[in-house]
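Knowing the structure of chain V, use the given hints to seat chain D on it.
As given, the protein sequences belong to chains V and D, one line each in that order. The numbering used here applies: residue -4 is where the first sequence begins, and numbers increase by one. The numbering used here applies: residue -4 is where the second sequence begins, and numbers increase by one.
Among these hints, one or two may not hold up.
Intra- or inter-copy, both count: the list cannot distinguish identical chains.
[Stated by the list, open to error] Keeping only pairs whose Cα atoms sit at most 20 Å apart, straight-line, the calculated SDA-like set for lysine to any residue is:
1) 304 with 397
2) 203 with 401
3) 392 with 308
4) 78 with 206
5) 304 with 390
6) 55 with 408
7) 285 with 207
8) 279 with 254
9) 304 with 391
10) 304 with 386
11) 80 with 355
12) 304 with 393
13) 304 with 388
14) 392 with 373
15) 59 with 205
16) 0 with 408
Hints are computed from structural coordinates only; laboratory data are not their basis. Remember, predicted model here, so these are calculated numbers, not experimental data.
Protein chains: 2
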Amino acid sequence: MAKKKNAFYAQSGGVTAVINASACGVIETARKHKDKIGKVYAGRNGIIGALTEDLIDTSKESAKAIAALRHTPSGAFGSCRFKLKSLEANKAEYERLIEVFKAHNIGYFFYNGGGDSADTCYKVSQLSESLGYPVQAIHVPKTVDNDLPITDNCPGFGSVAKYIAVSTLEATFDVRSMCATSTKVFVLEVMGRHAGWIAAAGAMASTKDCELPIVVLFPEVLFDKDKFLAKVDGLVKKFGYCTVVVSEGCHWPDGKFLAEQGTRDAFGHAQLGGAAPVVANMIKEALGHKFHWGVADYMQRAARHIASKSDVDQAYAMGKAAVEFALKGHNSVMPTIDRVSSSPYKWKVGMAPLSKVANVEKMMPKNFITKDGFGITDKCREYLAPLMKGEDYPPYKNGLPQYVTLKNVAVAKKLKTTYELKK
Amino acid sequence: MAKKKNAFYAQSGGVTAVINASACGVIETARKHKDKIGKVYAGRNGIIGALTEDLIDTSKESAKAIAALRHTPSGAFGSCRFKLKSLEANKAEYERLIEVFKAHNIGYFFYNGGGDSADTCYKVSQLSESLGYPVQAIHVPKTVDNDLPITDNCPGFGSVAKYIAVSTLEATFDVRSMCATSTKVFVLEVMGRHAGWIAAAGAMASTKDCELPIVVLFPEVLFDKDKFLAKVDGLVKKFGYCTVVVSEGCHWPDGKFLAEQGTRDAFGHAQLGGAAPVVANMIKEALGHKFHWGVADYMQRAARHIASKSDVDQAYAMGKAAVEFALKGHNSVMPTIDRVSSSPYKWKVGMAPLSKVANVEKMMPKNFITKDGFGITDKCREYLAPLMKGEDYPPYKNGLPQYVTLKNVAVAKKLKTTYELKK
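Looking at chain V on its own, in the form it has when it is part of the complex (with noise of 0.2 Å):
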């Protein structure tokens, strides 16, 4: 087998507006290392590809399709919810990810997803070695969720905060036009199932500069309706209207969703809403405010259009440290961003060992919730906004941002052996 190794890349969890800027990262620094490394071969829907021995030949896309990645958001070799068994309770799964990097010669492992995959990245490079068949593993960093440790924050998040904040600051701006004979209250809901960091990038529309009356629902705090209606109540006295930020983890205190609200349809089915309509009723109901409401969905974390520069320059910059650290002989490790002040802002690539990321999840800290529990403190804001920072247009024809689509050919398969997904 030749020296010169394969590296294999792939996509992880949920999609961001900049997963591909870090594909690009991988691949454009792995193609300036050709005497290191071989191809890239992608995982086609991520880890499932490996598995199932379905690769793609990135070699076979021209230097402008995957300087395109950059600006196109979405996973471009598809992405998978998909987490690896534990090594106990399904060891086949390791020993086929190894069987597979070892048919096509694969010497590079690089994993590009949130805390669920830097785990399998870890296991990955602690087994490989022990089967006798070593891969150095590195994990880039991905989630919207900005909730791994050890690093300041993850590629995916700028972006999501900024297009909340821009959103919210749009969508408030039209209700204040609107309150004196109309909308009165503006619900808007966000993601982050556990952690409030997309929440609290809603409440960064309100600046020194313009201030406007917004809520936070928060996962972090536990929904109280008389303080939030009350609350409400005041802001729309004083300024005639309001915006509501809702988190698609806020919960009461018995741990329900407010999205589970026991809705049923027509034929009595439980029906899946969502928090912001819950939330508007709510407040129709017990203060008589006309509502509008919007749940931003998927389109917040695809959002490309309005991408933060701050965090395409990171997503890419992950990717490359991914691959140098490779070179460098480095193995188990993630690449970080680590701040190193807010203002002006600056930060450069660190390095964690993956032992100390897997499996922590990294919450608001409290001093960055305001003490009602509906706002963030001075502290959060500092933190935010380097993070929004900057604009990084997609190139546009006929009106349309111009994302890129791959070829994604596959490779040869080698293996004789199929391999069947366990549920």
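Just chain D, lined up with the frame of chain V:
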């Protein structure tokens, strides 16, 4: 009374990303003709400001602040949902308007809105003459619904169309990445209670260069559940995923909106939901696909950050033309956008008599919708494409667009009478 008359400007109905660009066009053009037009007064919260003599003196705003209106969404002076009654039902309302105009030496009435305000504008021009205080009434077109007659399109629509096309493109890329193991259908709810112009824009995300499976549910097409589910099923089988863009006005053959599915909360109260969750749950139940859904609501019409340059230019041009028409002595007219050619896109300012604009609603032509009722034709694409063309980014500071909030200084009241609004 001075020979030089003042002007009155008011914003009406739902605001848009570019209605302030029209205000900018009115005020900047009026300021260039100070020999003929005195001050421009704006109605605080639209026509209500005129009825209650709550006028804003726009001359107190700096040139810089007025220029910033061009890139600021929402209604800078406040808008309202308040339709004047017919002359027969409440002549007093019209008499009050004339009384206020007379007291403040207002000879020009610029009303920025949709069909209802065109009607009001028309009646004011007629009545003012018969009351012996002639006012030149010019309507400035605005509506995201794109439903005004004669004009090729309405300022406000192009930017919503661009936002919806871009959001649909981005979210569809997202679901395409996830469909192997997770979400297979994404449902986006958009505005448009009567006309499907905005929903049609969602289909623009699919192009010859990049074909995407998008199903549109128009208000013009009676909802056929079986046919719809078969369409979704076919696309998911072929592509692995699909996106549904549903207009809020989509309805069953009996006229009931999809959103009014008789959904009830835990207490049995009828729940105001959206069309998107209804459609998403319908697909889940029949086909079993995992779904996500979003509701663009106010975000779509306030999204100045991704406004279409065509739209911004036209909104400004309509405001400018309205003042120029007034200076030329025209009355009871509306500037229009006349398309000269689609490719390359060329347009010029035209003029329509309000008698032909008032109370006429322009629906989508039948030949703009595909035979199966779920898509748009090439003719529709040719119409929509230029309206979404070009970007016109606002300036940013610290990651946020720099939208202006005016001082909105009140004009001293001159009348001793007050006016109570009739609901």
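Structure-based check of each hint:
1. 304 with 397: both (18 Å within a copy, 17 Å between copies)
2. 203 with 401: between (44 Å within a copy, 15 Å between copies)
3. 392 with 308: Between copies only: 18 Å across, 23 Å inside.
4. 78 with 206: Neither way: residue 78 and residue 206 sit 44 Å apart in one copy and 31 Å across, limit 20 Å.
5. 304 with 390: Close inside one copy (14 Å) and across copies (15 Å); limit 20 Å.
6. 55 with 408: Result: close within a single copy only, 16 Å intra versus 73 Å inter.
7. 285 with 207: within (19 Å within a copy, 37 Å between copies)
8. 279 with 254: both (16 Å within a copy, 18 Å between copies)
9. 304 with 391: So residue 304 and residue 391 pass the 20 Å test inside a copy (17 Å) and across (12 Å) alike.
10. 304 with 386: Both: 5 Å inside a chain and 18 Å across chains, each within 20 Å.
11. 80 with 355: The answer is within: 17 Å in one copy meets 20 Å, while 63 Å across copies does not.
12. 304 with 393: For residue 304 and residue 393, only the inter-copy Cα distance (11 Å) is at most 20 Å; the intra-copy one is 24 Å.
13. 304 with 388: The answer is both: 9 Å in one copy and 15 Å across copies each meet 20 Å.
14. 392 with 373: Classified as between: cross-chain Cα gap 18 Å, same-chain 40 Å, threshold 20 Å.
15. 59 with 205: between (42 Å within a copy, 17 Å between copies)
16. 0 with 408: Answer is within: at 17 Å inside a copy they meet the 20 Å cutoff, but 82 Å across does not.
Violated hint for the displayed structure: number 4, the only one.
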